[in-house]
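J.: These protein sequence lines are chains A and B, in that order.
Take the first sequence: its position 364, counting from 1, is numbered 581 in the working numbering, and each next residue is one higher.
Take the second sequence: its position 419, counting from 1, is numbered 636 in the working numbering, and each next residue is one higher.
No lab work stands behind these hints: they were computed from the structure.
Just so we're clear, the structure is a prediction, and the values are computed from it rather than from any experiment.
Careful: at least some of the hints might be erroneous.
[Unchecked claim] Cβ-Cβ distance ranges computed for the label pairs, FRET-style:
{"id": "1", "chain 1": "A", "residue 1": "Glu463", "chain 2": "B", "residue 2": "Asp315", "range": "18 to 28 Å"}
{"id": "2", "chain 1": "A", "residue 1": "Val637", "chain 2": "B", "residue 2": "Val302", "range": "53 to 63 Å"}
{"id": "3", "chain 1": "A", "residue 1": "Ala376", "chain 2": "B", "residue 2": "Arg580", "range": "43 to 53 Å"}
{"id": "4", "chain 1": "B", "residue 1": "Ser512", "chain 2": "A", "residue 2": "Thr465", "range": "43 to 53 Å"}
All C-beta atoms, glycine included, are put in the ideal place defined by N, C-alpha and C.
Protein chains: 2
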Amino acid sequence: MDVHSASGASRVLIIGGGFGGLACARALAGSRADVTVVDRRNFHLFQPLLYQVASGGLSPANIAAPLRSIFRGRRNVRVLLGDVVGFDFTIRGARLADGGVVPFDIVVLAGGSRTHYFGLDATWEPLAPGLKTIEDATRIRCRVLGAFERAERSEDAEARAALLTFVVVGGGPTGVELAGAIRELSRDTLRREFRAIDPQAARIILVESGDRLLDAFAPDLSAAASRALERLGVEILWGTRVVEIESTGVVTRDAQGTTRRIAADTVIWAAGVRAGELGRRLADALARPEILDRSGRVGVDDRCQVPGVDGVYVIGDLAAFPAPGGRTLPGVAPVAMQQGDWVGRHIVRRMAGRPAAASFRYRDRGSMATIGRSHAVVQIGWLRLSGRVAWLLWLVVHVLALTQFENRLLVSLQWFWNYVTRNRSARLITDVPAASDGAACSRQ
Amino acid sequence: MDVHSASGASRVLIIGGGFGGLACARALAGSRADVTVVDRRNFHLFQPLLYQVASGGLSPANIAAPLRSIFRGRRNVRVLLGDVVGFDFTIRGARLADGGVVPFDIVVLAGGSRTHYFGLDATWEPLAPGLKTIEDATRIRCRVLGAFERAERSEDAEARAALLTFVVVGGGPTGVELAGAIRELSRDTLRREFRAIDPQAARIILVESGDRLLDAFAPDLSAAASRALERLGVEILWGTRVVEIESTGVVTRDAQGTTRRIAADTVIWAAGVRAGELGRRLADALARPEILDRSGRVGVDDRCQVPGVDGVYVIGDLAAFPAPGGRTLPGVAPVAMQQGDWVGRHIVRRMAGRPAAASFRYRDRGSMATIGRSHAVVQIGWLRLSGRVAWLLWLVVHVLALTQFENRLLVSLQWFWNYVTRNRSARLITDVPAASDGAACSRQ
Numbered sequence: 218m219d220v221h222s223a224s225g226a227s228r229v230l231i232i233g234g235g236f237g238g239l240a241c242a243r244a245l246a247g248s249r250a251d252v253t254v255v256d257r258r259n260f261h262l263f264q265p266l267l268y269q270v271a272s273g274g275l276s277p278a279n280i281a282a283p284l285r286s287i288f289r290g291r292r293n294v295r296v297l298l299g300d301v302v303g304f305d306f307t308i309r310g311a312r313l314a315d316g317g318v319v320p321f322d323i324v325v326l327a328g329g330s331r332t333h334y335f336g337l338d339a340t341w342e343p344l345a346p347g348l349k350t351i352e353d354a355t356r357i358r359c360r361v362l363g364a365f366e367r368a369e370r371s372e373d374a375e376a377r378a379a380l381l382t383f384v385v386v387g388g389g390p391t392g393v394e395l396a397g398a399i400r401e402l403s404r405d406t407l408r409r410e411f412r413a414i415d416p417q418a419a420r421i422i423l424v425e426s427g428d429r430l431l432d433a434f435a436p437d438l439s440a441a442a443s444r445a446l447e448r449l450g451v452e453i454l455w456g457t458r459v460v461e462i463e464s465t466g467v468v469t470r471d472a473q474g475t476t477r478r479i480a481a482d483t484v485i486w487a488a489g490v491r492a493g494e495l496g497r498r499l500a501d502a503l504a505r506p507e508i509l510d511r512s513g514r515v516g517v518d519d520r521c522q523v524p525g526v527d528g529v530y531v532i533g534d535l536a537a538f539p540a541p542g543g544r545t546l547p548g549v550a551p552v553a554m555q556q557g558d559w560v561g562r563h564i565v566r567r568m569a570g571r572p573a574a575a576s577f578r579y580r581d582r583g584s585m586a587t588i589g590r591s592h593a594v595v596q597i598g599w600l601r602l603s604g605r606v607a608w609l610l611w612l613v614v615h616v617l618a619l620t621q622f623e624n625r626l627l628v629s630l631q632w633f634w635n636y637v638t639r640n641r642s643a644r645l646i647t648d649v650p651a652a653s654d655g656a657a658c659s660r661q
Numbered sequence: 218m219d220v221h222s223a224s225g226a227s228r229v230l231i232i233g234g235g236f237g238g239l240a241c242a243r244a245l246a247g248s249r250a251d252v253t254v255v256d257r258r259n260f261h262l263f264q265p266l267l268y269q270v271a272s273g274g275l276s277p278a279n280i281a282a283p284l285r286s287i288f289r290g291r292r293n294v295r296v297l298l299g300d301v302v303g304f305d306f307t308i309r310g311a312r313l314a315d316g317g318v319v320p321f322d323i324v325v326l327a328g329g330s331r332t333h334y335f336g337l338d339a340t341w342e343p344l345a346p347g348l349k350t351i352e353d354a355t356r357i358r359c360r361v362l363g364a365f366e367r368a369e370r371s372e373d374a375e376a377r378a379a380l381l382t383f384v385v386v387g388g389g390p391t392g393v394e395l396a397g398a399i400r401e402l403s404r405d406t407l408r409r410e411f412r413a414i415d416p417q418a419a420r421i422i423l424v425e426s427g428d429r430l431l432d433a434f435a436p437d438l439s440a441a442a443s444r445a446l447e448r449l450g451v452e453i454l455w456g457t458r459v460v461e462i463e464s465t466g467v468v469t470r471d472a473q474g475t476t477r478r479i480a481a482d483t484v485i486w487a488a489g490v491r492a493g494e495l496g497r498r499l500a501d502a503l504a505r506p507e508i509l510d511r512s513g514r515v516g517v518d519d520r521c522q523v524p525g526v527d528g529v530y531v532i533g534d535l536a537a538f539p540a541p542g543g544r545t546l547p548g549v550a551p552v553a554m555q556q557g558d559w560v561g562r563h564i565v566r567r568m569a570g571r572p573a574a575a576s577f578r579y580r581d582r583g584s585m586a587t588i589g590r591s592h593a594v595v596q597i598g599w600l601r602l603s604g605r606v607a608w609l610l611w612l613v614v615h616v617l618a619l620t621q622f623e624n625r626l627l628v629s630l631q632w633f634w635n636y637v638t639r640n641r642s643a644r645l646i647t648d649v650p651a652a653s654d655g656a657a658c659s660r661q
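Bound-form chain A, shown alone (with noise of 0.2 Å):
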């Protein structure tokens, strides 16, 4: 029997409203199929500009989108808010949270990545947030805001130094815009704005393994990367890797071998992502733990099909989907939408009885990364861009790439009064118990 075309209108559950899911239900939307869409979270999240929100220049709403307000008039498509922790595949059906079960004939897993830290997640987490959630964002906010709000009250130089000192690990998109707009919040943003302190004399230090940043881009464009960021006053630390974190620091070791300890209140972890735990729920339903590779990904076939499982299909960070050279493809929105947009249209033409599509085809259209307020880098096929132009690109690209329209103008208005005045409005500590100066967000 072909899940495809059970009963007609098969009932597709797609597992997560990120890029890729979102891309999925929406080829799907107006089909003849029944489509779920479950998310733990009640908001399609931009994750490129979370390092906005992090960093105080935007506000939480202004890169979120209710998934029911995307999906209002779309009739066949349904939204619910809870958190998948298994599957049954006797009676095809997603095991929730809360005890709830959904049917499904089809199932499309997109459920994303998560920060990792290399196995030491439970000791390093806590001290070093990543950046992956609305609330990992505003958790950075309020220990970057708070850091400068406690050095301003310290009477010790030494305590003041390290409340100064952020240290940024990895260095690929999150941990180079994130360092470029921490630095701009010290040195323009909140200039003029302490009496004991000179924020401009904050410490901005990004810590790379390799010897390069941005390793997607062309090696010129990541060396106009870093000259980008070392003229915006951000240290980085080449060839090295953070060996441990502690409340009150990080130590490191370079390529020599040679350790040192960074004594910093704010560490930001932007060197690795992990696919989520609903692969390891899946290979666990069909007792298949060969399909999980390193990083948790579940490899699929070029459909984005796991072999030998009818109707389920994995898409974006979580999957594996096989690359030239042996590779596999990165884990990049761009991946995830057009996997999200292919799966759907497959699927509407399966259930019309007409011959599957060819495999899918990833069309790289570029990559580009923002280096603070007038610099990025654009790689699109033979073009690269380093400079001004190609940070208008990079503006233009993401207004556009904004769900709803609303959010498109907002984003707009704020990034062009952030420009003119050099100013971040959205600079709240919030979240922390009312008596708590500032503190509480921050390491124990």
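Dock chain B against chain A, hints included.
T.: Same frame as chain A, but now just chain B:
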């Protein structure tokens, strides 16, 4: 010795960055005074629009302005993040929670008020949040949105009805505005977004102990407000008190003594505030408990000074300022702002050696409250307005009253957008552990 001119340049400590403290610091900015503003939060909050954050129409940052950014260019004003837990008048210093001491010659207490549950705070507070802080607002937003989410998944008709029942206790401006906003959220914003439930069927019940709403207004405006609310579809229980709050609903008692149980998952408390702890801390330090009135406010003379102590001013919600007829001035923003401004200018005058100003006189410039998306009541002297014109006036006044030009722009834009589309984009269920199903911010 007169503390106002102790050293030629008095150290003025202002505790609280709300409407009163802000106005006072602004009046002192640029003077010879050495001003310190201490607040537990790093932002000034525009509380009158907090209900719009609670109902998903605005983001927290839209109605908050970083205190440091407000005083950026004012070299004689310093901002400290800290929680004042006591005073020592032998050294004229304020003690902070973290052990620090801030010395002063003159101190202005502007600590504001907090939600009060008639002595049942510990029991009722977790069950029925009030609306005084950003966290209160995001908690209410999370509970209200979470209730709809859980109703969508509930199989039990009775449980669903309780999830779709929202009880707002107290018919003052906060209760009226919040009840109207939740009604519109359910009627307009969430329309067509759910598949199993009809959000329009949600019941919003406003419990009022007296026989009219908004008792600071003229009776005909109170009547207009209740008519407008009922037209929206809010049920009003007149002459009714909440005698018990449980995790499954409330028990009310009406004027005839009849008790009634209302099954409701969401209960919001807008029935009372009380002065914050700061007044008691002052009374303790002075060993003069008699300066406090029943609701914890500090009795002041007609210059906002605590009688018998030099250089101690109390303003805003924390002060019991004598008004004609043996009453005291109401705890509203205009009183706090006028007192803050007056005290600031009074201190400047005293420091300059000029004669003390005449006593503070409150100028009542009117009141306004809004009911839903196109109705308000406005009372300015002899002018009484109700309806759409009043609402436009409310809109203009509130936009202009916002601190920071950027917020004025962003709020205007979002209001325009929300008005046209009936959407509310700041509908995020956040600050809940990831695997929560929206229940984490709810009652246990």
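J.: Does 53 to 63 Å hold as the CB distance between Val637 of chain A and Val302 of chain B, or does it fail?
T.: Given range 53 to 63 Å: violated, Cβ gap about 41 Å.
J.: Take the C-beta atom of Glu463 of chain A and the C-beta atom of Asp315 of chain B, compute their distance, and say whether it sits inside 18 to 28 Å.
T.: holds (22 Å)
J.: Taking the Cβ atom of Ser512 of chain B and the Cβ atom of Thr465 of chain A, is their distance within the range 43 to 53 Å?
T.: The hinted range 43 to 53 Å holds for Ser512 of chain B and Thr465 of chain A, with Cβ atoms some 45 Å apart.
J.: Assuming the hint says 43 to 53 Å, is it satisfied by the Cβ distance from Ala376 of chain A to Arg580 of chain B or not?
T.: 48 Å Cβ-Cβ, so the 43 to 53 Å window holds.
When held up to the earlier numbered hints, the structure conflicts with hint 2 and nothing else.
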